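Chemist: Each chain, written out:
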Amino acid sequence: MDILLSGLLLSGTYALIAMGLNLQYGVARIMNLANGEMLVLGGLAAFWMYTAAALSPLLTALIAAPLAFSGNWLLYRYLLLPLVRRAKTQGQLEVDSILATFGMSFALVGIMVSIHGEYFTYSYLAEPFKILGQTVALNRLVAFIVAIGIGGGLYYWLTHTYQGTAVRAVSVSTEAAGLVGINVERVSAFAFALGGAVTAVGGTLISTFITLEASVGVIFTMKALIIIIMGGVGDIRGAIVAAVILGLVETTVASVIDPGLTLVAAYVIFLAILLFRPQGLFGRRA
Amino acid sequence: MTIGIKRRALLAGASALTLTAMTSAAFAADPIKFGVVAHLTGPLAGGEAVTHTPNIELWAAQVNARGGLKVDGGMRPVEVITYDDKTDPSEHIKAVQRLATQDKVDFMFSPYGTGFNIAAAPIYAKYDFPLVAVSAITDQQEELSKRFPNMFFTLGTTTGFVEGALDALTTLREAGSIGNTVAMVNVADAFGIELADKARPMFKEAGFEIVYDKSYPLGTPDLSPVVKGAKAAEPDAFVAWSYPPDTFALTEQAIIEDLQVNAFYTAVATAFPAFSGKFGSKIEGNLGAGGINPDTPAMQDYRAAHLEITGGEADYWASATYYASLQILEQAIEGVGTIDREATVAYIADNSFDTVIGEVSFDEQNNSMRFWSVGQWIDGVFHAVADTGMGDSVAPVAKDGWN
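Note that the protein sequences, when read in sequence, are chains A and B.
Per our numbering, the very first residue in the first sequence carries number 1; after that it's consecutive.
Per our numbering, the very first residue in the second sequence carries number 1001; after that it's consecutive.
The reader is advised that the hints may include incorrect statements.
List time: in silico DSBU-like cross-link candidates among lysine-lysine, alpha-carbon distance up to 30 Å [said to hold, decoys possible]: (1) Lys-130(A) - Lys-1282(B); (2) Lys-1104(B) - Lys-1086(B); (3) Lys-130(A) - Lys-1228(B); (4) Lys-1086(B) - Lys-1033(B); (5) Lys-1094(B) - Lys-1146(B); (6) Lys-130(A) - Lys-1231(B); (7) Lys-1214(B) - Lys-130(A); (8) Lys-1204(B) - Lys-1231(B); (9) Lys-1086(B) - Lys-1126(B); (10) Lys-1198(B) - Lys-1228(B); (11) Lys-1094(B) - Lys-1104(B); (12) Lys-1086(B) - Lys-1070(B).
No lab work stands behind these hints, which were simulated from the structure alone.
A quick note: this is a predicted structure, and the numbers were derived from the prediction, not measured.
For reference, chain B alone in the conformation it holds in the complex:
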């Protein structure tokens, strides 16, 4: 018992010390507190660690190097408070609640994953936090923005996602690179099923014939039967609505089986630097979700800073958009000039923002209709080859074997 009491007293003493340390630092410049609930562990941790976390680190470092954000006529540094939710929605909600009520953060960043953004939206709305969602691809923007006027969308819709892939295939067909037959597989998970359901009628309408159409469970240890089945159907193009581990596995199996298609599309993680790191020149011409325009000065500066400050390369899809979401928040806060969350939400809705992905503004459904949807690996860079509203994509080219 005595030990327990002593330990508690020690802890209390320690926290009292940190409190004093914090308040004395606060006199110098009271930081603006930003909260984020991240998937540091759990099934989505690998994606979060590539696409979100380094960008928050980069943005906070850059803003603080500038002296902070300009509010109330002075400069205030930013401080980021992060909680892990183990990729568990109920843990996520609890941690968001805690950030809002215990830590009393001034703003929050958006979470990773469509389901998490939608699950967290009511609490963000309750406390008037602007939610500039990035890793949230859905067709329910209209309904969501009506219920949660504080929620904004930047990375496109499910329909736009499929349209992009279809655009790329149609362009390749018009160029004579591929024929009409497509093998389509998907991961049996909300994301994969929704995309496959959307794709079936759209592909058919565009005159494509789906010659192989199968799903596989998440975490399937051996995807060789899937690739063998697809190969036996002798398709002109291969499309997989896949998650990172299966994106890697399907591509590896396609190399091993020497699947000869002139268009090979895999969804999430194709845009990861680790994808080209793993496969090198073999994935020249591979198509995948995402893509960027690597040639704008803003994008080049961003990628250089990302590498320098976080020590890793930015991915070629949502990384830049996530960084843009932080820039939007930053510009809105400075535009309002005070820590007024309600005013910040209104500011985001009414203004346009100069970001790393170009100018971003939101329509009546809080949707930014400018995003890249398909990229292609060309000489070690993942160029956008299909987009909505961007207009700077290059034309896709036929894939020429796995060399």
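Chain A with its partners taken away, still in its complex shape:
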């Protein structure tokens, strides 16, 4: 029970890390290596607002979401769209976007170092909370609830609305989506911006229980990549299911076997999925 609960909470964290990149890579087809930096930027905003103005990270998340959305929209519109337009093949776009966003990640790290080069540490809701007879950290629980909210909201939006359907269409095929009258560029820009906003909100929440610093983003990018490749690129359900699997397995291994083996366990699952279902749990065969 204890393991299940802790594992689910960790899954929430992983879902927050991965959902944004899933939108950016799955729909807008930008392999955004600066995604982790966007997450840390959210964390920096939360830290800064909390220490300077005693503002709750939950409020910061509300402020950060539209800011990150417009920032990412501008990024896509002016830095990445030219790459999309000139790319002749998907492969070329992937190489170009990896290089461009890799450079962007350094710029973002530099900006964050100049704002605050030390650890972003503060205490928010670091309190025990009793649930089903088990003690959990309240800040992790809050992050988990928000993760459910974002995940559920995204899933509903993607499957039950007209605009969401258009997004899924672009995710399946940009050409076909264009042929049926979907404005592919606008939908891609929207998905990229939304992905950035989800990631930044994730960062504000994660910063309440993980000590971040300006350069730590790459670790989150890697984790997000593993999760969306496990789950299947472009499918929000896949990212969530993969996050749950990772969270539960890591917590079980840490509690029952040895905390030192959590990374091993995570990579064994990753390898197994790559071997037996290379397109990911919910992925389509290319």
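Go by the hints and put chain B onto chain A.
Modeler: Okay, now just chain B, sitting in the frame of chain A:
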């Protein structure tokens, strides 16, 4: 093409301008150039930004306010050239090489991290730069100082580090505050593994029983299974050979799980002002790596100046020692009286220095055998409670809950 050429011409013009500006300023007082390769970004940037960078800023500001260093019968200001190595050893070596050969700096400050100090030692030795290492804790002093006579150590040995923690626990046991059982965890990284390996036999020999002994990977996002496991083993004391992010995370989990131990030790970052900033009164009685004697006038002046000039509080461990390493370099340069690196190395080896952490001198293995090893948070100050050669530590007290 034309644009490219124009841009290059512009750049050349600009650098020519800065060059002239620099040479004309040089006539006034040619600065002594100090180089440092810092981890401005990358995994160790957070530690560097707390412990090293502000001290270099403080020291340079203070020396220049005095008019500079006394060499060749006159005063010369100091200038610091900094490069970022992204916490990458190969970048680090390249940048050190560049400082030595391109910028032709006169002296260099020591880098952050044991591995970086050892990696940079050969180049420092090749160009005769004195390397007064601070953030380098190792048991290989003898071998290193034999190979690199220019390398000096100020913050102690791995054995001393573990002995300190053991001293604190033994004192608490003798006072009846804790029993014999210890839960020990470590970060699965060179630093954590080495300390845990050293601690196991030493703790056993001292009559402690390690009831929980686990490692966790660097960057583990959830340490609650570790703290729950430790709690289930019902230890009297908890010891973590941890790095900053896990020091914060383990402490937070211990508060959430209400881990009731009378001695709670975490390693790196416990001495950071941000640690008490984050946890407030809850960490009263927490033990950790480092500690200082906050009561000497030199330390009080230093901490006040640090706050005033850098805008931040000095940490309660290596900050003061790093500042002391700059003072050692300063006193050695002035003692020699010229910019002679070889003579400066010899001067450091043969003399004793009056620093913020007291008098520092080096033995035949270039090791300063005076350092604090364990501190304890008492009323918002991290007092040293165990040391080697300092003799001014206070006795540790039992931790009384997380309030």
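Chemist: Taking each numbered hint in turn, which are not upheld by the structure, reported in ascending numerical order?
Modeler: 12
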